[in-house]
Amino acid sequence: MKSLLVLIVGGLLLVLVGGCKSTGVSAHDGYDRPYITTQSPLTLLSSNDGEYNQIYQLTEDQTTDWELKTKDSFTVIHLGPDHPPVIKTVYDTVPATIHGTPTMAMSANGRYGIIANHSRRMEKLLKLKLPDGPRTNSDLTPEAISQPKMTAQHTDMLSLIDLGDENYPVVHRVLLDDFPTHVLAHPDGKRFIVGGLKHFYIYEIVDDRLVKVSQSPQAHGFSCFWIHPRGDRLIATQLIPDGPLVPGKFTPLTKPSTVQWYAIEGNQIRHLSEVKVKPGLQTALLPASMILRISPDGRLALICQRATNSGRDFCDVLIADLTVEKPQITSVIKQASDGLESFAFHPNGKMAVATGLG
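Everything in the sequence shown is counted per the working numbering, starting at 613 for the first residue and increasing by one.
No wet-lab data here; the hints were simulated from the structure.
Values in this document were obtained by computation on a predicted structure and should not be read as measured data.
You may find that some hints are simply not true.
[Stated by the list, open to error] Straight line, CA to CA, 20 Å or less: simulated SDA-like cross-link-like pairs of lysine to any residue:
{"hint": "1", "residue 1": "700", "residue 2": "648"}
{"hint": "2", "residue 1": "861", "residue 2": "734"}
{"hint": "3", "residue 1": "867", "residue 2": "895"}
{"hint": "4", "residue 1": "741", "residue 2": "670"}
{"hint": "5", "residue 1": "741", "residue 2": "680"}
{"hint": "6", "residue 1": "736", "residue 2": "856"}
{"hint": "7", "residue 1": "802", "residue 2": "656"}
{"hint": "8", "residue 1": "700", "residue 2": "761"}
{"hint": "9", "residue 1": "736", "residue 2": "710"}
{"hint": "10", "residue 1": "683", "residue 2": "702"}
{"hint": "11", "residue 1": "736", "residue 2": "675"}
All chains should be built: construct the whole structure from the sequences, respecting the hints.
This is the structure:
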């Protein structure tokens with residue numbers, strides 16, 4: 613396998629779309645500081661988890677403020693060749709959990725954004741005091757789903773946002789009682805794949821609505837996944853909970869994650885094989901081994917050995933060889949960082965940046 617340089621930094625996950633060729637730093641009359649420009653228009657979308665942010669807020673006596681005051685939101689950033697960044701954050705219209713990145717996708721033309729929210733909760737979030745009102749799918753009426761505002765934190769939902777409207781309204785919501793953890797745009801520019809606890813789903817956008825094209829059963833638990841650049845394969849890190857998942861509740865996750873390899877055949881997703889660690893390789897999958905990415909040439913996948921919690925130890929980057937019929941984890945970068953949460957490959961395919969937790 614060819615060599616790859618991996619750099620570890622702290623970072624923020626954004627989804628972007630556009631024909632950006634390069635960036636520069638410019639100045640603008642009336643704008644008080646330099647700003648980034650791009651040779652062509654570029655749109656970035658970020659979802660912001662109010663619950664997770666709240667556990668780091670303190671009261672006047674410097675103890676955790678458990679009353680949920682931070683609202684879920686999303687931020688849209690427009691960059692271009694001749695103007696400062698246009699930035700807008702919208703609150704209380706889209707439930708947005710951070711647990712299960714990436715929970716966002718964008719259409720190929722930049723017109724729509726999709727944000728997935730699921731109701732699984734980490735144990736440390738259970739102390740939060742949520743405001744009165746509906747919280748789960750079962751609490752929502754058809755009328756509530758169609759309202760502009762949506763503050764039900766423990767929903768299992770897909771939200772479709774019109775990024776072509778300067779107010780960024782949610783034009784459609786889909787309740788999906790399968791703990792949808794992850795959504796990605798397919799390379800064909802038309803379809804979107806959603807990973808749930810028991811199924812993979814394929815959606816398309818038709819007339820401002822998310823239309824379900826198919827659902828394919830799978831038996832390996834909830835997933836973080838990535839689609840092969842060819843569009844005919846999918847690799848997923850998956851985890852089966854210790855017990856039944858209940859919206860808004862904590863379920864222990866003590867079993868190691870597995871890595872699974874799937875075929876995308878038309879509009880169906882079919883399991884092919886488990887991606888195992890090569891015998892003798894000094895590394896292992898953990899319960900927190902979740903986030904992964906495929907290289908632009910489709911030859912390898914980088915896997916975060918521990919994607920949650922910091923202040924523990926230094927974890928590995930596992931590397932899977934995707935060039936063989938049954939992919940296998942064949943190499944490892946040892947003790948890369950105190951937790952890892954994402955990778956981004958340089959277009960030249962020779963370098964990747966990993967975001968570290970600590």
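Structure-based check of each hint:
Proximity of residue 700 to residue 648 is assessed by CA-CA distance (about 16 Å); at most 20 Å being required, the pair is judged to hold. For the proposed pair residue 861 and residue 734, the alpha carbon gap of about 8 Å is at most 20 Å, so the pair holds. Taking the CA atoms of residue 867 and residue 895, the gap is about 16 Å. The hint holds against a cut of 20 Å. A C-alpha spacing of about 14 Å is found between residue 741 and residue 670, which places the hinted pair at or below 20 Å, so the restraint holds.
Under the criterion of a C-alpha separation no larger than 20 Å, the hint pairing residue 741 with residue 680 is consistent with the structure, at around 6 Å. For the suggested pair residue 736 and residue 856, the alpha carbons sit about 19 Å apart, so the restraint of at most 20 Å is met. Distance hint between residue 802 and residue 656 is fulfilled; the C-alpha atoms sit about 19 Å from each other, no more than 20 Å. At roughly 17 Å between alpha-carbon atoms, residue 700 and residue 761 fall within 20 Å of each other, so this suggested pair holds.
At most 20 Å may separate the alpha-carbon atoms for a hinted pair to count; residue 736 and residue 710 meet this at roughly 14 Å. With a C-alpha separation of about 10 Å, the suggested pair residue 683 and residue 702 falls inside the 20 Å cut-off, and the hint holds. The straight-line distance between the Cα atoms of residue 736 and residue 675 is roughly 15 Å, inside the 20 Å bound, and the hint therefore holds.
Of the hints listed earlier, there is not a single one the structure fails to meet.
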